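If you read the sequences in order, they're chains W and Y.
Note that my numbering numbers the first sequence so that position 42 is 42, with each residue one more than the last.
In my numbering, each residue's number is its place in the second sequence (first place is 1) plus 112.
Quick caveat, the hints were computed from the structure, so don't treat them as lab data.
Possibly wrong hints are sitting among the right ones.
[Stated by the list, open to error] With a straight-line Cα cutoff of 27 Å, these simulated BS3-like cross-link-like pairs (lysine-lysine) come out:
| # | chain 1 | residue 1 | chain 2 | residue 2 |
| --- | --- | --- | --- | --- |
| 1 | Y | Lys195 | Y | Lys126 |
| 2 | W | Lys70 | W | Lys59 |
| 3 | W | Lys70 | Y | Lys169 |
| 4 | W | Lys70 | W | Lys57 |
| 5 | W | Lys70 | W | Lys51 |
| 6 | Y | Lys169 | W | Lys36 |
| 7 | Y | Lys121 | W | Lys104 |
| 8 | W | Lys70 | W | Lys104 |
| 9 | W | Lys51 | W | Lys36 |
| 10 | Y | Lys169 | Y | Lys195 |
| 11 | W | Lys57 | W | Lys104 |
| 12 | Y | Lys169 | Y | Lys182 |
| 13 | W | Lys104 | W | Lys51 |
| 14 | Y | Lys195 | W | Lys104 |
| 15 | Y | Lys169 | Y | Lys126 |
| 16 | W | Lys104 | Y | Lys169 |
| 17 | W | Lys36 | Y | Lys121 |
| 18 | Y | Lys183 | Y | Lys169 |
[Unchecked claim] Where chain W lies over chain Y, by a calculated footprint (3+ residues, C-beta under 8 Å):
| # | stretch |
| --- | --- |
| 19 | 154-164 |
| 20 | 214-223 |
[Stated by the list, open to error] If the Cβ cut is set under 8 Å, some of the chain Y residues that face chain W in the computed set are:
| # | residue |
| --- | --- |
| 21 | Ala143 |
| 22 | Leu202 |
| 23 | Ser208 |
| 24 | Thr211 |
Bear in mind the structure is a predicted one, so any value in this text is a computation, not a measurement.
C-beta atoms are modelled at their ideal positions from N, C-alpha and C, and glycine is treated no differently.
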Amino acid sequence: GQQVMQIPQYQHVQEGEDFTTYCNSSTTLSNIQWYKQRPGGHPVFLIQLVKSGEVKKQKRLTFQFGEAKKNSSLHITATQTTDVGTYFCAGLSGGSNYKLTFGKGTLLTVNP
Amino acid sequence: DGGITQSPKYLFRKEGQNVTLSCEQNLNHDAMYWYRQDPGQGLRLIYYSQIVNDFQKGDIAEGYSVSREKKESFPLTVTSAQKNPTAFYLCASSVSGRTQFFGPGTRLTVL
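Can you make the complete structure from the sequences, with help from the hints?
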């Protein structure tokens, strides 16, 4: 079945440093979504990427979808303590319009 | 106020007992999902339903059962056949394959 690998599993940074998490799918994706889960909370949707090579920005967050639509990344510039949480990527393959496959997530901690 | 509700937030049960977790949404979404989250394991799909009276097994359906009698409701039963039921359970809903909206979750502890 489809697998989505996400690295790193953990990342600890000093406030102000940059952060990147990467996702790799075993199959071509029709879209990839990113979610953030704060400690003790539930996942919250951040963004969806659909087109090959797509790049989207949300303030300090930059999301990329690879040309082959099998990988994606999330980059945070100048981290803040409010960025703490687990970031998940989730891929939708062409075989299903409903079943997202989630990566295991990257837990980001920020030292003030 | 639209959203997804899950109850209760914390649930304790004795080993060998079945337990049903509630999930209700008023977003008029056609699809609903149940995930299990364990530390370091991410989100694993238990069951999902695209329409009323229809549902499909996810990746870890063994020991669980669901029903979808109403569009708004998708209860999950954790049966005594589930060997390691202690976990954080998340319900979500979506319109087709678009954004999934998650409920606050139920933390189940089996003693």
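Hints, verified against the model:
1. Y:Lys195 / Y:Lys126: Given pair Lys195 of chain Y, Lys126 of chain Y holds - Cα atoms ~13 Å apart, limit 27 Å.
2. W:Lys70 / W:Lys59: Holds: Lys70 of chain W and Lys59 of chain W sit about 25 Å apart, inside 27 Å.
3. W:Lys70 / Y:Lys169: Holds, at roughly 25 Å.
4. W:Lys70 / W:Lys57: holds (20 Å)
5. W:Lys70 / W:Lys51: Roughly 11 Å separates the two Cα atoms, so the pair holds.
6. Y:Lys169 / W:Lys36: Cα-Cα ~25 Å, so holds.
7. Y:Lys121 / W:Lys104: holds (23 Å)
8. W:Lys70 / W:Lys104: Since the Cα atoms of Lys70 of chain W and Lys104 of chain W sit roughly 16 Å apart, the hinted pair holds (cutoff 27 Å).
9. W:Lys51 / W:Lys36: With a Cα-Cα distance of about 21 Å, the restraint between Lys51 of chain W and Lys36 of chain W holds, given a limit of 27 Å.
10. Y:Lys169 / Y:Lys195: The given pair, whose Cα atoms are some 17 Å apart, holds under the 27 Å limit.
11. W:Lys57 / W:Lys104: holds (23 Å)
12. Y:Lys169 / Y:Lys182: holds (18 Å)
13. W:Lys104 / W:Lys51: holds (23 Å)
14. Y:Lys195 / W:Lys104: Since the Cα atoms of Lys195 of chain Y and Lys104 of chain W sit roughly 22 Å apart, the hinted pair holds (cutoff 27 Å).
15. Y:Lys169 / Y:Lys126: holds (26 Å)
16. W:Lys104 / Y:Lys169: holds (20 Å)
17. W:Lys36 / Y:Lys121: holds (20 Å)
18. Y:Lys183 / Y:Lys169: holds (18 Å)
19. 154-164: holds (count 6)
20. 214-223: holds (count 4)
21. Ala143: Hint holds; Ala143 of chain Y Cβ to chain W Cβ min 5 Å, cut 8 Å.
22. Leu202: holds (6 Å)
23. Ser208: holds (5 Å)
24. Thr211: Interface hint status for Thr211 of chain Y: holds (5 Å vs cutoff 8 Å).
Of the hints listed earlier, there is not a single one the structure fails to meet.
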